[in-house]
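**Student:** Order-wise, the sequence lines are chains A and B.
The first sequence begins at 99 in my numbering and counts up one residue at a time.
The second sequence begins at 50 in my numbering and counts up one residue at a time.
Don't take each hint at face value.
Claimed, not checked - One-sided and incomplete, this derived list gives chain A residues near chain B with beta-carbon spacing under 10 Å:
| # | residue |
| --- | --- |
| 1 | 419 |
| 2 | 423 |
| 3 | 718 |
Hints were generated in silico from the structure; no laboratory data involved.
Model, not experiment: these values are computed from the prediction.
A virtual CB, placed ideally from N, CA and C, is assigned to each residue, including glycine.
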Amino acid sequence: MARSLAGFLVLLLVISICEAASLFQPISDSHRSAALELFTLDHGSFKSLEETYEALRTFQILGIEKKPDVTSAACRSISETVGSSSSTPKDLFYALKANSIAQCKIHEKASKGIISSLNAAVSGASSLLDFYYSVGGLVLIKDQSSNADIHLADAEGVFRSVKAFSQSDGRWRYSSNNPESSAFAAGIALETLAGIVSLASSELDQSLISTLRNDVSKLFDSIEKYDDGTLYFDDKLVDGREYQGPLSTTSSVLRGLTAFAAVTTGNINLPGDKILGLAKFFLGIGVPGDAKDFFYQIDALACLESNRVSIPLILSLSSAVISVTKKDSLKVRVTTVLGSNAPPLTVKLVGAFSSGSKDASLVESQELKFDQGSGLHILNDLPESIDVGSYTFVFEVVLQEPEDEKVYVTGSQTKAPIFVTGLIKIENSEIAVLDSDLGSVESQNKLDLAGKNAVSLSANHLQKLRLSFQLSTPRGRAFKPHQTFLKLRHESKVEHIFVVGNSGKKFEVVLNFLGLVEKFYYLSGKYDMELTVGDAAMENSLLVAIGHIELDLPEAPEKAPRPPLQPVDPYSRYGPKAEITHIFRAPEKRPPQELSLAFLGLTILPLLGFLIGLLRLGVNMKNFPTKPVPATFAILFHVGIGAVLLLYMFFWLKLDLFQTLKVVSLLGVFLVFVGHRTLSHLAAASAKLKSA
Amino acid sequence: MRSLSFFFVFLLSLFPILCFSFNPESPTDRRVLVLLDDFSLKSSHSIFFNSLKSRGLNLDFKLSDDPSLSLQRYGQYLYDALIIFSPSTEKFGGSLDLAAVIDFVDSGHDLILAADSTASDLIKNIATECGVDFDEDSSAMVIDHKSYAISGTEGEHTLIVSDDFIQSDAILGETKIEAPVLFKGIAHSVNAANSLVLKVLSASPSAYSANPESKLLSPPLLTGSAISLVSVVQARNNARIMITGSLDLFSNRLLRTAVQKSGSQDKYDKSGNELFVTEISKWVFHERGHLKAVNLRHLRVGETDEPAMYRIKDDLKFSVEIYEWSGKSWEPYVADDVQVQFYMMSPYVLKTLSTNGKGLYHASFKVPDVYGVFQFKVDYHRLGYASLSLSKQIPVRPFRHNEYERFITTAFPYYGASFTMMAGFFIFSILFLYNK
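Please work from the sequences and hints to get the whole structure.
**Tutor:** Have a look at this one:
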């Protein structure tokens, strides 16, 4: 429980911060639009009759006109459930509950059948929930069919057997063999007993009712409380199975209390503060996002709206922010939790305190004017003593008719946080560079903080920068905003922020650069200056660029701190990279083709010269062998030489070394053979010639 | 027989787990663990949770101090993603702790972390590990006196509005978020040394982080646009993280509030929060911006088979197919900035690929005249998209001896000289032998 309690507390805290401390808004249109979103149809109908009832009931309470039309689908499943003999009391209960809103026609015979089966269920019931469903079912039938005469035979006996589940602390057990008591069960029990009372044919024993009243007040003694005054019921989490959570538990108790109060004549004595605390609990939740929670909240608020114990009235502000400059008036509305009008009453402003201080009230007690048309209580002019700032206003609601005081509960005093805002006057703003030792002004510039400024200053580390301005409220008093920053931003995006201090109305900051060089990381260069003045109460909060200052700071010593890393702009980090193309090695330079061909021609010239020389010499072939065999060898020898040369030609054109060598080796052998024969023949012929 | 049927039932019960587990072919997360301080958050943040459920995610709600809390069993992760909506938790229950959360992210899973003014050290430490530093002052909130939401109940200017979104369709979707986003919570800054963190939603220049209740004596640590309201991280293993200082950002209340920015006449019936949190959660759960590259191919021009090796100065064609996961299927990814590198120690060629609009990217270029072992590299890093990094090794050889030019005109005089010489020799050899 502690866990969920803490969690709920967090949630409530979050909400209460948003909803401005302890002020609660009644149910509004945001609930209505949320209801339409939460209760959505699944194929034209709701999933179960229970859900149908919850949806219809919520729409009914909130007065939603444009609800989805489910009546025909709901009626079909209601009559199915009612007509079926196998329906459990729980099914019948929810069918009848849904029918109480859907208003379908239930067959006379079916209705008789249900009465008898529910009656049987009452007499055979052994646990609290059995009683709850069966008695509840009978009550619903009685309400729906005017002519049916339904009575519990032994109302007092049933009453006692239900009462047997009660515990001394006002909580109830689910059944006699379950020792755990719970507040949720207490709510159910109260509702059941209220049903029994209304079904009883004769008046029940008054002592029974009065002990029950005691139980109720004991139950309310165990109520739990948050810091902001909201109250709720919660059960101890034991096994988690029957644990319901504070919302449904509190809702159940309220439903039981309302039903019980409706059937008993006497007054149930409960302090109005507790009812108010419960109302605040339900309003403080905001808009639940779960259909079930939503129903619990709305149903409980409807119970609060119409119960006989006391009806809480909620004070709400139409706006917690009031502008002095626009002469806004303070508007207060007092309504019931569901937002309907309250009875005639007067609202008094009894005190106003500056938040954070515990001084005496700033205002006299005064009554707010009631505007009949809008239903608002209005204070047109704020008292002179209220200047801009945040305040806590204390209101008191007084009912005009003494009769109403029995019906309604208003709470003694309501505290509301109020923010009074206004336009702040800014004057005498100027910026100057001072010489350090003499304090003489070197250059001074007036600033217009409401408009644009483009001051251009320059300073070195021996000088000072002074920025000053005056702020005063619309009522002419000194004003100290929450945010007064002077920001200096270097070109490299390193930022330095200084808080501008004040004395009275005058704000001044003096930057002595000599003491700041280290903080500035010795970064010389252009600094952009920006002044921010802002406050919750200031309507003209400003963020102005003043201009820039050119700082000339000394060189950084070696051990000076480096400026912090600045985040890189994500867009530049991710762009596509520049394309790279490979630069190929340039081919070597060659002479023009014509030149090569010309030289090719030149190389033929020696051969031509050789041939011409041979012709000139008068060469002949007279030595060629004349006999056929040596002549054949001689021809073969020269053909062989020609073949070798031709082979060189082919080697150049296409053959590789290995192919060439192969052929050369064959030709070589052939050449040696024929060469030897030819040469030896020639040698023999020349020897013969010599000898001859 | 009974044991057999038992086994069958066991297999059947395993079936959904097998189906829903993460696989690279459908990268959307399926199983999400939601850690809450309190179950009432289920109701107060139901619109966000319902939108997740309607997109097919299985949300498992647990209290953050649940003693049975565990992210993995038998070395297998039970969840694909983690949502931590329990800002005030000092210590998680069960086996979960800071190291377990970081391990979870390090193994490629996703995380949404929301803090608020009650943020505990544990939550802040998780954020720090992810490269995001929350304001150290625990009472500080983001205040903005210039761009706050005008409201009847709120006068402290801590409910601020921001529309300074990151420019990325991958993260925030293609629909422009018209209405500003409401924010109420604490400030954080992104670590400048961490290049993976991105500011998705930044505060306005007039914002600052301070305690609204007390007077400011020293300058606040975080001011202006340096304040990040929502940041995301995309880790190198494509794990995605979203961190924000406002749990209310996701709440029904802020999702449904009408919003008007101070000093502006534009009124919106609904804040931009719903669209913002829906779109960013789509990104975090890999329903968008998740890329895959397949069929990396390269060919010599004019051939059809992929060669095992290129020769210098070959002309080649490179192609790769890139698809984006749309949450349901792989759709062709269209961009004009995908680049390929032909890489050996450094890129020799870096070329932007042209696309046919159907996911195929191609380029053709000439192999450089440097031989060695090269790589085709596609390193695609784009804002918000999963990074692609794939490479394929390919050797490049020089010319063979017979691949050089054979008949060079410049050499013809030499050849001519040789051949005339040979012709002369032939004639001379005949005449020398038979002349008389």
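**Student:** Would you mind marking each hint as holding or not holding in the structure?
**Tutor:** Comparing the hints with the structure gives:
Taking 10 Å as the C-beta contact cut-off toward chain B, the hint placing residue 419/A at the interface holds, the least distance being around 5 Å. For residue 423/A, the interface hint is violated, the least distance from its beta-carbon to any beta-carbon of chain B being 15 Å, above 10 Å. Given the 10 Å rule on beta carbons, the hint for residue 718/A holds: about 6 Å separates it from the nearest Cβ of chain B.
Going down the numbered hints, you'll see the structure goes against just number 2.
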